[in-house]
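Visitor: Heads up: the protein sequence lines correspond to chains A and B, in order. UniProt numbering applies: residue 1 is where the first sequence begins, and numbers increase by one. UniProt numbering applies: residue 1 is where the second sequence begins, and numbers increase by one.
Calculated pairs, SDA-like style, for lysine to any residue (alpha carbon to alpha carbon, straight line, at most 20 Å): (1) B:K44 with A:S38; (2) B:K27 with A:L33; (3) A:K36 with B:E36.
Partial list, computed: chain A residues near chain B (C-beta under 10 Å): (4) L9; (5) C64; (6) D66; (7) T78.
Quick caveat, the hints were computed from the structure, so don't treat them as lab data. In this text, all values refer to a predicted model and were calculated from it rather than measured experimentally. Each residue gets a CB set at the ideal place from its N, CA and C atoms; glycine is no exception.
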Amino acid sequence: MDSLATGSLSGAQKEELMDQVKQQIAIANAQELLTKMSEKCFKKCINKPGISLDNSEQKCIAMCMDRYMDAWNLVSRTYSSRIQRERSNM
Amino acid sequence: MSDLSDFSSNKPADSELQDFLLAEKQKAQFQAQIHEFNDFCWDKCVDKPGAKLDSRTETCISNCVERFIDVSLLITNRFAQMLEKGGGMH
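If we strip away everything but chain A, and leave its shape as in the complex, we get:
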């Protein structure tokens, strides 16, 4: 960490650091998505937990995951176009 403190990272070190930051953020994002998906799809698909996940429950979970991703992407598009609109109004 010495080189970070002195502010003299070599180009390659800096690149590595940036890659790591990006990767960590991507991992955190994926984990958040995974947690939310499990919670939401459990709620939608498992009414009474039985001794195993039956076929229809598994199908429901798969479908729910896909729809959750669809919704996520839609929210993302809506939110970013709103941000753009707000910016152009400023």
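Chain A is already provided as a structure; the job is to place chain B on it using the hints.
Guide: For chain B alone, coordinates are given in the frame of chain A:
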């Protein structure tokens, strides 16, 4: 992530790195916001996950995001007015 300026408190700032971290931070905040919107708009708008998001659900989700932002803006502005008038908070 609370205070990026700590990085450069008494050393010459690596501005490339700082710009990078700031941009990554904003991206992460954007994603976190999408997770939050998707969380409650999913609950509000999605009934049973089907083979695709139907158009009614899609409309509901994008309205949900837009109206939530409207409400936050409204509340923020009104709250600022309350503080300006010196009322409300004693």
